[in-house]
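Spelled out from the first residue to the last, the chains are:
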Amino acid sequence: MALLTAGWPLLDSAVANRQPLATGANVTVGSGPGSSGTVTVGPGWYVQPALSNPMQNFVLTKDGVVLDIRHVSLVDSFQMAFAWLGMRQVLSLTHPGSVLSEPAHTTTVHGRQALTGTISGLGLIGMGVIVPGPSREFAIAMVMLAPHGTSRALIQAARRILFSLTFSAPSR
Amino acid sequence: MIAGKPSTPTVGPELLSIRLVEVTAVVACAFGAAVLSWQFFRFIVVFPSATVLAGTLEIPLVLFGVVMLRLLRPARPPAMTWSAAAVVWGATAAAGCALLANRGLIGLWAKAAGTRFAADWSASLSAPLNEELLKLCGVIMIILAAPAAILGPLDGLIFGALVGLGFQATENVTYGLNSIIQAGATAPARAVIDSFTIRVGLTALGSHWTMTAIAGAGAGYLVARRRGAEHGSVLPAVACLGTAMAMHLIFDAPQIAQVIKVSLNLAIVIVVYLLLAHAYLSRARLALAERVSAGAISPHEADGLLSRRKRRQQRDQATAAERRMLSARQQSHLADVEREAA
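Chains R and X are the protein sequences, given in the same order.
First residue of the first sequence: 1, per our numbering; consecutive thereafter.
First residue of the second sequence: 1, per our numbering; consecutive thereafter.
Worth flagging that the hints you see were computed from the coordinates, not collected in a lab.
Take these hints with a grain of salt, some might be off.
Stated by the list, open to error - Heads up, incomplete: computed chain R residues facing chain X, CB under 10 angstroms, no partners named:
| hint | residue |
| --- | --- |
| 1 | ALA6 |
| 2 | THR23 |
| 3 | SER52 |
| 4 | VAL75 |
| 5 | THR118 |
| 6 | PRO134 |
| 7 | SER135 |
| 8 | ALA139 |
What the hints assert, rightly or not - Here chain X is said to cover these stretches of chain R; the calculated rule only asks that three of the stretch's residues, wherever they fall, bring their Cβ under 8 angstroms from a Cβ of chain X:
| hint | segment |
| --- | --- |
| 9 | 36 to 50 |
| 10 | 82 to 90 |
In this text, a Cβ means the ideal position worked out from N, Cα and C, and glycines have one as well.
Chain R on its own, in the form it takes in the complex (with noise of 0.2 angstroms):
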């Protein structure tokens, strides 16, 4: 009990948990064409594969920086009215005592209508964004932490990426 408890878990802690992207790829979180987004990422960037899980969410990490990208199985087309509530929520379950402002209107590079708003406390700055699927059946939300006195240049990078979000047509 003890070896299959302790082992694995150590056996885990002994591999880095962060592999290299590619600059310009694509990291594609979702079930499906029809059912998925794509953003693209750019240099230095890297995926900690033991958070991430395609189907689900891609953790992205560069220089204390964290990108969490959610896909999110909405009940029904009525459910996107509570996404932002619900965003807090998941923050306040994961990052207690941080706080995500209102949400302001947004479009995505990709023209897609979108939610935004800034996260803070526990010593991190950060943004949510959500943005609603073709179907509005599921929607992607994107959350970025990032230490205080994180460079400006690499707050931006990490925008550029969760505004670079972009949907597949689903397959005929």
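Given the coordinates of chain R, assemble chain X onto it according to the supplied hints.
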């Protein structure tokens, strides 16, 4: 009359080792419960109603499962205390330890083989090893702590199923809570209910209880071998554990329809149960026939001993004064017969 000074009972090595096993089991259950609490405590703070709902939905499932699984034992059900201990082990020690073990191994798969491979295969390549062994430890704990509770493969199957049921209930709760996140916390209660509906309505009949039942039967074969029973052997024990792991692998494998996975596991556990129960009852009838010819039990009493209904009828027909004695006699005969049949 002067009563002699009562002698201080000595604690024999056997009793001491049983106490040690009991303490170890309690510590393991507490550890598992602590891991689960640490992992999911924040859910009750942020999503109190949905978390309570996720837990409450499992209560009828567990109660129904315990009643049905205990009925599987011919003649009389296993001890309630140890039945409950099996469920608790599955729900706490096995589930909590599996959480850590799976996270470690799944992380390794993702790092070594990539996130796509891990998404498809890491569960089916990790859970059969980690979860089947951790659940089986519960059956082994009961064998060590209560040597009379599991005497053979059929007892092992039932206790294994009870451990699996406890594990399944905890896993249902954790999946329900995780589904809140997957739905972006837009409708926490609905996400929990949807998860429950799928896991209970679609997969429950072929889930953990079936796999651990088979692994538990294997542990029972080892106990039977140790007791010197003819049917006890190492080979079926190993085969049972291998089968349980294979059932788990197929159950978690991608691209196989759920209905096939569930039907396969259910069919395996039904066939194994029927074979074991048939063999058990044959041996029990033989043992009873020997007792009848030796004059240790009347043919009338022997005729109804293996049936709950007939034993009750015999007690109902007895006078009030005889009833208690008859009941004690039935239990005593049953205990002897079970030892030979198990």
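A quick look at each hint next to the structure:
A distance limit of 10 angstroms between C-beta atoms decides the matter here; for R:ALA6 the minimum to chain X is near 8 angstroms, and the interface restraint holds. Taking 10 angstroms as the C-beta contact cut-off toward chain X, the hint placing R:THR23 at the interface is violated, the least distance being around 19 angstroms. With 10 angstroms as the threshold, the beta carbon of R:SER52 comes within range of chain X, its nearest partner Cβ sitting at about 5 angstroms, so the hint holds. Contact between R:VAL75 and chain X, as hinted, is supported at the beta carbon level, the nearest pair being about 5 angstroms apart and thus within 10 angstroms.
Of the supplied interface hints, the one on R:THR118 is violated, with its beta-carbon coming no nearer than about 19 angstroms to a beta-carbon of chain X, more than 10 angstroms. Below 10 angstroms, beta-carbon pairs count as interface contacts, and R:PRO134 has none with chain X, the closest being about 17 angstroms; its hint is therefore violated. For R:SER135, the suggested interface contact is broken, since its CB lies about 15 angstroms from the closest CB of chain X, more than 10 angstroms. Here the hint on R:ALA139 is kept, as its CB sits about 6 angstroms from the closest CB of chain X, short of 10 angstroms.
With 3 residues having a beta carbon nearer than 8 angstroms to a beta carbon of chain X, the segment 36 to 50 of chain R meets the requirement of three or more and the stated coverage holds. With 7 residues having a beta carbon nearer than 8 angstroms to a beta carbon of chain X, the segment 82 to 90 of chain R meets the requirement of three or more and the stated coverage holds.
Of the numbered hints stated above, those contradicted by the structure are hints 2, 5, 6 and 7, listed in ascending order.
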